[in-house]
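A.B. asks: All chains should be built: construct the whole structure from the sequences, respecting the hints.
The chain contents come next:
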Amino acid sequence: MASSGFARHYVDHAASSALRPSAAAAVRGAWEAVGNPSSLHASGRRARAILENAREQLADAVGALPAEVVFTSGGTEADNLVIAGGAGWGAGEGRPFVAASTVEHPAIAQSVRALGARAVWLGVDAEGLVTGAALDSLDERVAWASVMWVNNETGAVQPLGVVVEACRRAGVRVHSDAVQALGHLPVSFAASGLDAMTLSAHKVGGPVGVGALVVRRDAPLATVSHGGGQERTLRSGTVPVALAAGFAVAAAECVAALASERARLGALRARLAAGLTGAAGVRVNGPSGPGAVSPAICHVTVPGTRADDVLFLLDAAGIDCSTGSACTAGVHQPSDVLLAMGRSEADASASVRFSFGHATTVADVEAVLAAWPDAVARARAAYGPA
Amino acid sequence: MSGGVDSSVAAARLVADGHEVVGVHLALNRHPEAYRSGSRGCCSLEDAQDARRVADVLGIPFYVWDFSERFHCDVVENFVAEYAAGRTPNPCLRCNEKIKFAAVLDRGLALGFDAVATGHYARLDWADDEARLYRAADAAKDQSYVLGVLTQEQLRRSLFPLYGTEKPQVRAEAAALGLRVAAKPDSHDICFISDGDTAGFLTRALGERDGTIVDTAGTVVGRHAGHHQFTVGQRRGLRLGVPATDGRPRYVLGISPATNTVTVGPREGLAVSAIEAIRPTWAVAEPRLGRWRGLVQVRAHGAAMPCAIAADADGVRVDLDASAEGIAPGQAAVLYDGDLVVGAATIASAA
Numbered sequence: 223m224a225s226s227g228f229a230r231h232y233v234d235h236a237a238s239s240a241l242r243p244s245a246a247a248a249v250r251g252a253w254e255a256v257g258n259p260s261s262l263h264a265s266g267r268r269a270r271a272i273l274e275n276a277r278e279q280l281a282d283a284v285g286a287l288p289a290e291v292v293f294t295s296g297g298t299e300a301d302n303l304v305i306a307g308g309a310g311w312g313a314g315e316g317r318p319f320v321a322a323s324t325v326e327h328p329a330i331a332q333s334v335r336a337l338g339a340r341a342v343w344l345g346v347d348a349e350g351l352v353t354g355a356a357l358d359s360l361d362e363r364v365a366w367a368s369v370m371w372v373n374n375e376t377g378a379v380q381p382l383g384v385v386v387e388a389c390r391r392a393g394v395r396v397h398s399d400a401v402q403a404l405g406h407l408p409v410s411f412a413a414s415g416l417d418a419m420t421l422s423a424h425k426v427g428g429p430v431g432v433g434a435l436v437v438r439r440d441a442p443l444a445t446v447s448h449g450g451g452q453e454r455t456l457r458s459g460t461v462p463v464a465l466a467a468g469f470a471v472a473a474a475e476c477v478a479a480l481a482s483e484r485a486r487l488g489a490l491r492a493r494l495a496a497g498l499t500g501a502a503g504v505r506v507n508g509p510s511g512p513g514a515v516s517p518a519i520c521h522v523t524v525p526g527t528r529a530d531d532v533l534f535l536l537d538a539a540g541i542d543c544s545t546g547s548a549c550t551a552g553v554h555q556p557s558d559v560l561l562a563m564g565r566s567e568a569d570a571s572a573s574v575r576f577s578f579g580h581a582t583t584v585a586d587v588e589a590v591l592a593a594w595p596d597a598v599a600r601a602r603a604a605y606g607p608a
Numbered sequence: 004m005s006g007g008v009d010s011s012v013a014a015a016r017l018v019a020d021g022h023e024v025v026g027v028h029l030a031l032n033r034h035p036e037a038y039r040s041g042s043r044g045c046c047s048l049e050d051a052q053d054a055r056r057v058a059d060v061l062g063i064p065f066y067v068w069d070f071s072e073r074f075h076c077d078v079v080e081n082f083v084a085e086y087a088a089g090r091t092p093n094p095c096l097r098c099n100e101k102i103k104f105a106a107v108l109d110r111g112l113a114l115g116f117d118a119v120a121t122g123h124y125a126r127l128d129w130a131d132d133e134a135r136l137y138r139a140a141d142a143a144k145d146q147s148y149v150l151g152v153l154t155q156e157q158l159r160r161s162l163f164p165l166y167g168t169e170k171p172q173v174r175a176e177a178a179a180l181g182l183r184v185a186a187k188p189d190s191h192d193i194c195f196i197s198d199g200d201t202a203g204f205l206t207r208a209l210g211e212r213d214g215t216i217v218d219t220a221g222t223v224v225g226r227h228a229g230h231h232q233f234t235v236g237q238r239r240g241l242r243l244g245v246p247a248t249d250g251r252p253r254y255v256l257g258i259s260p261a262t263n264t265v266t267v268g269p270r271e272g273l274a275v276s277a278i279e280a281i282r283p284t285w286a287v288a289e290p291r292l293g294r295w296r297g298l299v300q301v302r303a304h305g306a307a308m309p310c311a312i313a314a315d316a317d318g319v320r321v322d323l324d325a326s327a328e329g330i331a332p333g334q335a336a337v338l339y340d341g342d343l344v345v346g347a348a349t350i351a352s353a354a
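Same order as they appear, the protein sequences are chains A and B. Under this note's numbering, the first residue of the first sequence is numbered 223, with each subsequent residue one higher. Under this note's numbering, the first residue of the second sequence is numbered 4, with each subsequent residue one higher.
Since the hints were made in silico from the structure, they are not lab data. It should be emphasised that the depicted structure is a prediction, and the values quoted were computed from it without experimental measurement. By construction, the Cβ of each residue, glycine as well, lies at the ideal position given by its N, Cα and C atoms. Check before you lean on any hint, since a few could be wrong.
Computed, partial: chain B to chain A, Cβ under 10 Å [as the list claims (entries may be wrong)]:
#, residue
1, 48
2, 51
3, 64
4, 65
5, 67
6, 73
7, 106
8, 112
9, 113
10, 115
11, 118
12, 208
13, 211
14, 282
C.D. replies: What follows is the structure in C-alpha cells.
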C-alpha cells in the first residue's frame, strides 16, 4: 500500500482537470497587468481589452455572441444566478415555479430546493434521462426549467432537444448546466435553443475560480447579487481578467480538439468499462450507445462494497478518482443521482466515477485496471454489516 | 485520530518509527455539530478538520470512516438500555470493545492494514507471543481500564505509542512538531452528549415516569421523574421532602427498574465487599480461571483494590480486602495482576 509521492494516475478530471499550458500562459500574461477593466484610463482600457478578447474567444468557442457571456466565479455561481434570478423574475409574472431534473448538480438542486414550495422536480428514468411525462407537466406557472446537458456523475447526455421543445410549448425559459459537456460534446449555444447555460473553466483545463453564464440578451432574469453593475448587472464585482483569459484559451483549445479527443477518450472509456466489468457484479451506470453518454465519464457500481473503501484502496495504489457525489465531513453520502434513477441505497453507496481529460493517457486506464481486481476483492472483504 | 493531541502524537510517533500510517477519523454522530462547544467531545466537524490538518503536517493519507450507525446501535442504544435497566454503563469502554478495536480493526485488516493504533495511555508488551497490556507510566493518565475489555486477539492488533509518556511531554512533542492541536483541551465527557447533561439526555431518550424514593425501611421519602436519572452512590439532586431521622446525608443505594423505585440510605449502605460479575473477557492469552489474588478497578479513575478473585468461564466473584463504595451493576470490573491487565467482567450485583 505505498502512497508514492506524486506519481499519480489522475482520473478525476470531472472534479477538476489539469491546467492546460496554454491557459497557464494566458493567465500569467494577464496576471501582473495593473488595471480594473471598468476604469476609463489607459491601464483600465488595456485590462478591458484582455477581458473582451476573452469574452469573444469564449463566445466563439461555444456558439454564442460575446454579449451573451456573463463571467462568474464558476459554475456554481452561474447556476445560482439563473435559478434565483429566474425565480425572482417569475414571481412578478405569475410564473412562481422553477423546475429542475432530479439528477442535477447540487448547485442547481440546492438552489431550486431553496425555493421551497416553488420548486418543481422533473423525474428521470432508470438511465437517468428526464422523462417525457415529466416534461409534459411543465405549464404556464413555471418561469424557468433547468436540465443539465451531461450528468456529472454518470455522464448521461440528456435529450436537450426534447427538453427545449417542451419548454417552448409551455412558454418556459430553459437553462442547462453544460459544465460537463464542454470539451466532450459539441456545444453550440445558438443551435441548442437554450435561454441560458452554465460553463466552468477548470473542468476543461482552465483556471479554478472562473466560469460563465451564457445567457440570451432577452432572457428574463432578476438581479440577485448587487453591486457595481458589471456583467450586464447580473454579476456585479470586478471580473478577474487573467482568469477569464485563461478560461477562454482553454475553451478554445478543447473545442478545437473536440473531434479527435472524443474519439480518443471514447476508446479509453470503452477499454476501461470492459475491464472494470470484468470483476463480478460490476455494472456501468447510465445509458449506453453512441452519443448517449460522455466519452469522459465512466461511473460504475461495485455491489457489496462501500465506495469509500474502493476509493481508499485505489488511492493507495496511486489512482485518484471519486464518487462524483456529495461528501459530508469527509464521508460520502449515497448518490442522489442513483437514488433518483431508482437504484437502492446500497448501490448508491457503492459507486465510483472515473473521468478523463486532455491529460489522460492509456497508461492511466491500464493502471486502474491493474489495481481493480485487488481493490474490489479487498473492499468486498471489508464490507461488514455496518 | 480524534483531532485531539493524544492521537495526533501517537500518529506522529508511528510515522517517526517508519510505519506506513494512514489517519482515520471516526464519524460517530449521525448529525455532527459544525463546531466544538467548549472542550467536550471529539465528534464535531471542527475536530475532524483538526485531525485532517495533523495528517497534512505529518504527510500521511487521511480518511473519515462513517461508523455512526454501528456506534448508535452498539454504544448509544446500549447506553440508554443499560440505564433503563437500572445499570450504570461506561460507553467509552463499550466503544473500544465494539467499535475502535472491533469494527474499525476488522475493516482495517480487510483493507490490508496490520494494526489499529490509538492515543490511549497504556503499555503493551510482547512476551512469549502474548500481547500483554499494562498500566501507563503516567498514573494520572492511565487508560488501561477503558482498554480492559479487549481480548488477546484484539490486543495483538493494537498499538499504543503513548505508553511511558506523561501528558505534558505529549503536548510539548506536539508543539515541537508544529501541530496546532498541541494546546487543545482534553475532552472529558461522553462524546455523544455534547452539552454534558447526561440526565437530560436520558430523559429525552426514555421520557419521564413518576416514581417513588424510599428509605431502607420502605418508607416513601420522596418522588422522582424516572429512575434512570439516578446512579448508585449519588447524593446530590435527590430533593427529598422528608429529612432523615438521624439528620445525616442520604445516598442512592439501589435502583429497581421494575417498580421504578429508588432506594436511599446512609453512606454505610454503599459499602460493598463482594462483587458478582458476568460475561468475562480475557486480555491475557490463557483465561485466568480458578482462585487467585489480584486487584480490581471498577471506574475509569478509580483505585485498584486488592481482592480475592474466583473466576470461571461464565463469571467472576471478587471479594474485596476492604469494603468500597459506589459500585453499581453495569460497571466493568477490570482485573489486574499488579500492573498487568488480566481481564474484565460486567458487574451484575454487589453486596
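A.B. asks: Each of the hints needs a verdict: does it hold here or not?
C.D. replies: Status of the hints after comparison with the structure:
A hinted interface residue such as residue 48 of chain B counts as satisfied when its beta carbon comes closer than 10 Å to some beta carbon of chain A; here the least separation is about 5 Å, so the hint holds. The closest approach between the C-beta of residue 51 of chain B and any C-beta of chain A is roughly 5 Å, which is under the 10 Å cut-off, so the hint is satisfied. The beta carbon of residue 64 of chain B comes within 6 Å of a beta carbon in chain A, closer than 10 Å, and the hint placing it at the interface holds. The interface hint given for residue 65 of chain B holds, since its Cβ lies 8 Å from the closest Cβ of chain A, which is under the 10 Å cut-off.
For the restraint placing residue 67 of chain B at the interface with chain A, the shortest Cβ-Cβ distance is roughly 3 Å, inside the 10 Å limit, so the hint holds. This hint holds: residue 73 of chain B has a C-beta 5 Å from the nearest C-beta of chain A, less than the 10 Å allowed. The restraint placing residue 106 of chain B at the interface with chain A holds, with a minimum CB-CB distance near 6 Å, inside the 10 Å limit. A hinted interface residue such as residue 112 of chain B counts as satisfied when its beta carbon comes closer than 10 Å to some beta carbon of chain A; here the least separation is about 8 Å, so the hint holds.
The interface hint given for residue 113 of chain B holds, since its Cβ lies 3 Å from the closest Cβ of chain A, which is under the 10 Å cut-off. Annotation: residue 115 of chain B was flagged as interfacial toward chain A, and the flag holds, the nearest CB pair being 5 Å apart, inside 10 Å. Using the Cβ-Cβ criterion of 10 Å, the hint placing residue 118 of chain B at the interface with chain A is not satisfied: the shortest such distance is roughly 13 Å. Of the supplied interface hints, the one on residue 208 of chain B is violated, with its beta-carbon coming no nearer than about 23 Å to a beta-carbon of chain A, more than 10 Å.
At its closest, the beta carbon of residue 211 of chain B sits 34 Å from a beta carbon of chain A; the interface hint therefore is violated under the 10 Å criterion. At a threshold of 10 Å, the smallest CB-CB gap from residue 282 of chain B to chain A is about 22 Å, leaving the interface hint violated.
The structure fails to meet hints 11, 12, 13 and 14 from the earlier list, while all remaining hints are met.
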